[in-house]
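Participant: Next come the chains, spelled out residue by residue.
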Amino acid sequence: MVEIFLAFLGSICPGVIYNVEKRNLMWVGFGGMLGWITYRTFNEITKSLVLASFLGAVIVGIYSESVARLLKAPATIFSVPGIIPLVPGIAAYSTIQHVAENQLYEAASKGIETMSGAGAIAFGILLASAVFRLTKKLKKRGPNPS
Amino acid sequence: MRVNGMKTNQVIEVALKAGEILLTGGAEIYRVEDTVTRICGSYNVRAECFVLPTGIFITVIDSEGNPVSIIRRIRKRTVNLEQVEKVNSFSRSLKDRTLSYQEAMAGLKDIAALDGYGYVLKLIVAGIAPFVYALLFRGTVLEACVSFLIGIVIYAIKEKITQAGVFEFFEYFASGVAAGALSTLAIKLFPFMDLYRIIIASIIILLPGLAITNAMKDALYGDIVSSMFRLTEAVFVAAAVGVGVAIALSVGLRWI
Numbered sequence: 001m002v003e004i005f006l007a008f009l010g011s012i013c014p015g016v017i018y019n020v021e022k023r024n025l026m027w028v029g030f031g032g033m034l035g036w037i038t039y040r041t042f043n044e045i046t047k048s049l050v051l052a053s054f055l056g057a058v059i060v061g062i063y064s065e066s067v068a069r070l071l072k073a074p075a076t077i078f079s080v081p082g083i084i085p086l087v088p089g090i091a092a093y094s095t096i097q098h099v100a101e102n103q104l105y106e107a108a109s110k111g112i113e114t115m116s117g118a119g120a121i122a123f124g125i126l127l128a129s130a131v132f133r134l135t136k137k138l139k140k141r142g143p144n145p146s
Numbered sequence: 001m002r003v004n005g006m007k008t009n010q011v012i013e014v015a016l017k018a019g020e021i022l023l024t025g026g027a028e029i030y031r032v033e034d035t036v037t038r039i040c041g042s043y044n045v046r047a048e049c050f051v052l053p054t055g056i057f058i059t060v061i062d063s064e065g066n067p068v069s070i071i072r073r074i075r076k077r078t079v080n081l082e083q084v085e086k087v088n089s090f091s092r093s094l095k096d097r098t099l100s101y102q103e104a105m106a107g108l109k110d111i112a113a114l115d116g117y118g119y120v121l122k123l124i125v126a127g128i129a130p131f132v133y134a135l136l137f138r139g140t141v142l143e144a145c146v147s148f149l150i151g152i153v154i155y156a157i158k159e160k161i162t163q164a165g166v167f168e169f170f171e172y173f174a175s176g177v178a179a180g181a182l183s184t185l186a187i188k189l190f191p192f193m194d195l196y197r198i199i200i201a202s203i204i205i206l207l208p209g210l211a212i213t214n215a216m217k218d219a220l221y222g223d224i225v226s227s228m229f230r231l232t233e234a235v236f237v238a239a240a241v242g243v244g245v246a247i248a249l250s251v252g253l254r255w256i
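If you read the protein sequences in the order shown, they are chains A and B.
Last residue of the first sequence: 146 in full-length UniProt numbering, with the numbers rising by one and none dropped.
Last residue of the second sequence: 256 in full-length UniProt numbering, with the numbers rising by one and none dropped.
Chain B on its own, in the form it takes in the complex (with noise of 0.2 Å):
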């Protein structure tokens, strides 16, 4: 029955571990589940899995016919894909080698740990960015220059406010402000640019794109509560870049 001698409670414990890095990493409510599921039952546990944005609520039977239940109640919500690949792959290979408690936790702890991308990169890319879109929406290499000078000061501005952890979204809303009053700024030193190019190539990396992905995907499977809540927090997070962006130029365009 048991496989690798491990305990219903340290199966648990693994697969509610796996969860919780896909959760906080960005994945869809399905793939939580699924792989939920997967990892219990390659282990001989069956388990029922619901999985909300908040939280993880498992149940299994241990070999007794006890029912044995954990909730994990999550806090985090950061995008980083290449956990949500890792964890993935790591449930798949259970299929075929099943590993001992130790093992999975330490597989998964090396999982947890990668933060990815360093955050000077980051930073040079959140200038890029910008620098392309003002290209892109056929804006001169000025244009573009400035683009690439304010996307990086919002994304410091947008990592400073969440790891200080003053809100949720009130990190768009600032970011929005300094795009808004760095843009107004910009074209009162250089009036022959366009306004609008340099605010939208500026903002390209605050857009809600995996919020709107994954409540369409949330849909689609049926996980209506997720999806209405990936959807809100889409809606929000453009409504308070818009609205920083708005009261920045309101501010700079009538009164400076």
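In isolation and in its complexed conformation, chain A is listed as follows (with noise of 0.2 Å):
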């Protein structure tokens, strides 16, 4: 329950810095908790980072996509602090560790690791606005056209 309430802060501050307006930043806090509670559960269950990220970058996409109809607002407000939770900081500062203490073979595997989880998380919101585009254009083409 805390740890969900840090990851609702934990969204918010990031927002400040990015200037995000006072009357969205509550949404924006909703969305990285909603994005932190999803990376967390399926990192219990399943053990997989990349999973993990890409399901919980999903979840943020689609809340951010929706957020930003209701309140006609870009996405881009939600989605950017949104992520923030889920960037695998510990592979990524392993990395470095690694390079640190010149052990390149390890910084090399951490180091795919962060990118793995990188990568999930942009995938995660590429599809995320990709399913949401592609339900706009459909509805353009609606069966009535008026």
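If you're looking for bench data, these hints aren't it; they were derived computationally from the structure.
Fair warning: this is a prediction, and the values are worked out from it, not measured in the lab.
All C-beta atoms in this analysis are idealised placements derived from N, C-alpha and C, irrespective of residue type, glycine included.
Keep in mind that a hint or two might mislead.
Which residues of chain B face chain A? A few of them, derived with a C-beta cut under 7 Å, are [what the hints assert, rightly or not]:
id: 1; residue: Leu-81
id: 2; residue: Val-84
id: 3; residue: Asn-88
id: 4; residue: Gly-116
id: 5; residue: Ile-128
id: 6; residue: Leu-135
id: 7; residue: Gly-209
id: 8; residue: Leu-210
id: 9; residue: Leu-220
id: 10; residue: Ile-224
id: 11; residue: Val-225
id: 12; residue: Gly-242
id: 13; residue: Leu-249
id: 14; residue: Ser-250
Calculated pairs, DSS-like style, for lysine-lysine (alpha carbon to alpha carbon, straight line, at most 30 Å) [unchecked claim]:
id: 15; chain 1: A; residue 1: Lys-72; chain 2: B; residue 2: Lys-109
id: 16; chain 1: B; residue 1: Lys-160; chain 2: B; residue 2: Lys-122
id: 17; chain 1: A; residue 1: Lys-22; chain 2: B; residue 2: Lys-109
id: 18; chain 1: B; residue 1: Lys-76; chain 2: A; residue 2: Lys-72
id: 19; chain 1: A; residue 1: Lys-139; chain 2: A; residue 2: Lys-72
id: 20; chain 1: B; residue 1: Lys-122; chain 2: A; residue 2: Lys-22
id: 21; chain 1: B; residue 1: Lys-122; chain 2: B; residue 2: Lys-109
id: 22; chain 1: B; residue 1: Lys-109; chain 2: B; residue 2: Lys-7
id: 23; chain 1: A; residue 1: Lys-136; chain 2: B; residue 2: Lys-95
id: 24; chain 1: A; residue 1: Lys-72; chain 2: A; residue 2: Lys-140
id: 25; chain 1: A; residue 1: Lys-137; chain 2: B; residue 2: Lys-109
id: 26; chain 1: A; residue 1: Lys-140; chain 2: B; residue 2: Lys-122
id: 27; chain 1: B; residue 1: Lys-122; chain 2: B; residue 2: Lys-158
id: 28; chain 1: A; residue 1: Lys-22; chain 2: B; residue 2: Lys-160
id: 29; chain 1: A; residue 1: Lys-22; chain 2: B; residue 2: Lys-158
id: 30; chain 1: A; residue 1: Lys-72; chain 2: B; residue 2: Lys-122
id: 31; chain 1: A; residue 1: Lys-22; chain 2: A; residue 2: Lys-72
id: 32; chain 1: A; residue 1: Lys-22; chain 2: B; residue 2: Lys-76
id: 33; chain 1: A; residue 1: Lys-22; chain 2: B; residue 2: Lys-95
id: 34; chain 1: B; residue 1: Lys-95; chain 2: A; residue 2: Lys-72
id: 35; chain 1: B; residue 1: Lys-109; chain 2: B; residue 2: Lys-76
id: 36; chain 1: B; residue 1: Lys-95; chain 2: A; residue 2: Lys-139
Both chains are given apart, each in its own frame, so use the hints to dock them into the complex.
Facilitator: Okay, here's the thing in structure tokens:
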């Protein structure tokens, strides 16, 4: 429970740094919170960083696109701070530490883990936006063109 | 033909100003192109627009049939999502009610003048973020407090260097060095703390979240050039921070 609240704060803070407006900040926080809950749940179940990050990012993406439509604001506002809690920080740090200690094989393995985590986040966001764009296009083409 | 007595070149000027604010505020490419075309469209001017992260190109045909074209070079890239949102709703409002040239420019100038939250508040938030993340990574309260202080110092350093304008990405390198050095120092003072938690937590505000998100969105809309640009930007930022931390760590852990 405390962790969920921390994830909430953890997206609001980058939101302030990125100058998100005050009335949108709360929504930013919920996005990060949902993403973190998804990430943590699937990380426990599957023990896979890539899958958990991907699903977390998909949830953040879907959330951002839907809230963006509700509040008539660009989706970026919600997705950019929302993915910050998902970033593979520990893997990234281990890479750097191994480099600093000149253990290059370990660094390479951790580096690939970091990059896959980051890539999974990126493609999660991509997938969510793609689905929303597709539904928008289908609606435009819809059966009863006015 | 003309709406509100706006001349073609005035329409371009308004559209260009809106595009410029969007691009410097960190909007995606398709949004900038869309906004420029939409603003021109609401004044019955047909425009062709091409946007790169470093510049905006607009060409329209004026009432005599001559092509008019403007290029604006963009050098400044900040993150200000408030401006992005405001310009977005501004351009949508033009569809219902077109403004005169003076009104539109005044509106855009107001948006451009928004500089978001105050420096002190951002500084404090730049400390709270590492505090929160240190706890989120299951750290102790003491670790969180140390991260809080380091976060504030890093943000102050980053902002100072950005203002001085040394090189792009240099501020990230310097912040990384500072994060590594201060964390090592903290470990030497309180040996029972975990180094990795403090470092990850304190560099969280340096992460290139916007660059990665925009790279993906741009790729999705087929703006591959901008997507590459953003992706490279993200890699450079991450590498600059990483190398900075690595240098500070290898010096700090071995010789001190």
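Participant: Each hint should be assessed against the structure and marked as holding or not.
Facilitator: Hints, verified against the model:
1. Leu-81: holds, 5 Å
2. Val-84: Holds, about 6 Å.
3. Asn-88: For Asn-88 (chain B), the interface hint holds, since the closest Cβ of chain A sits about 6 Å away, which is under 7 Å.
4. Gly-116: holds, 3 Å
5. Ile-128: holds, 5 Å
6. Leu-135: Holds. Min distance 6 Å.
7. Gly-209: holds, 5 Å
8. Leu-210: holds, 5 Å
9. Leu-220: This interface hint holds because 6 Å falls under the 7 Å limit.
10. Ile-224: With Cβ-Cβ at 13 Å, over 7 Å, it is violated.
11. Val-225: violated, 17 Å
12. Gly-242: Result: holds, 5 Å to nearest chain A Cβ.
13. Leu-249: Holds, about 4 Å.
14. Ser-250: At 4 Å from the nearest chain A Cβ, Ser-250 (chain B) passes the 7 Å test, so the hint holds.
15. A:Lys-72 to B:Lys-109: holds, 22 Å
16. B:Lys-160 to B:Lys-122: Holds, at about 13 Å.
17. A:Lys-22 to B:Lys-109: This hinted pair holds, its Cα atoms lying about 21 Å apart.
18. B:Lys-76 to A:Lys-72: Measuring from Cα to Cα gives roughly 27 Å; hence the hint holds.
19. A:Lys-139 to A:Lys-72: OK: Lys-139 (chain A) and Lys-72 (chain A) at ~18 Å, within 30 Å.
20. B:Lys-122 to A:Lys-22: holds, 13 Å
21. B:Lys-122 to B:Lys-109: Given pair Lys-122 (chain B), Lys-109 (chain B) holds - Cα atoms ~23 Å apart, limit 30 Å.
22. B:Lys-109 to B:Lys-7: holds, 19 Å
23. A:Lys-136 to B:Lys-95: holds, 20 Å
24. A:Lys-72 to A:Lys-140: holds, 18 Å
25. A:Lys-137 to B:Lys-109: violated, 34 Å
26. A:Lys-140 to B:Lys-122: violated, 42 Å
27. B:Lys-122 to B:Lys-158: holds, 12 Å
28. A:Lys-22 to B:Lys-160: holds, 25 Å
29. A:Lys-22 to B:Lys-158: holds, 24 Å
30. A:Lys-72 to B:Lys-122: Judged against 30 Å, a Cα distance of about 26 Å means the pair holds.
31. A:Lys-22 to A:Lys-72: Since the Cα atoms of Lys-22 (chain A) and Lys-72 (chain A) sit roughly 15 Å apart, the hinted pair holds (cutoff 30 Å).
32. A:Lys-22 to B:Lys-76: OK: Lys-22 (chain A) and Lys-76 (chain B) at ~24 Å, within 30 Å.
33. A:Lys-22 to B:Lys-95: holds, 26 Å
34. B:Lys-95 to A:Lys-72: holds, 15 Å
35. B:Lys-109 to B:Lys-76: With Cα atoms ~17 Å apart, Lys-109 (chain B) and Lys-76 (chain B) stay inside 30 Å; holds.
36. B:Lys-95 to A:Lys-139: holds, 21 Å
Hint check: violations occur at hints 10, 11, 25 and 26; the rest are consistent with the structure.
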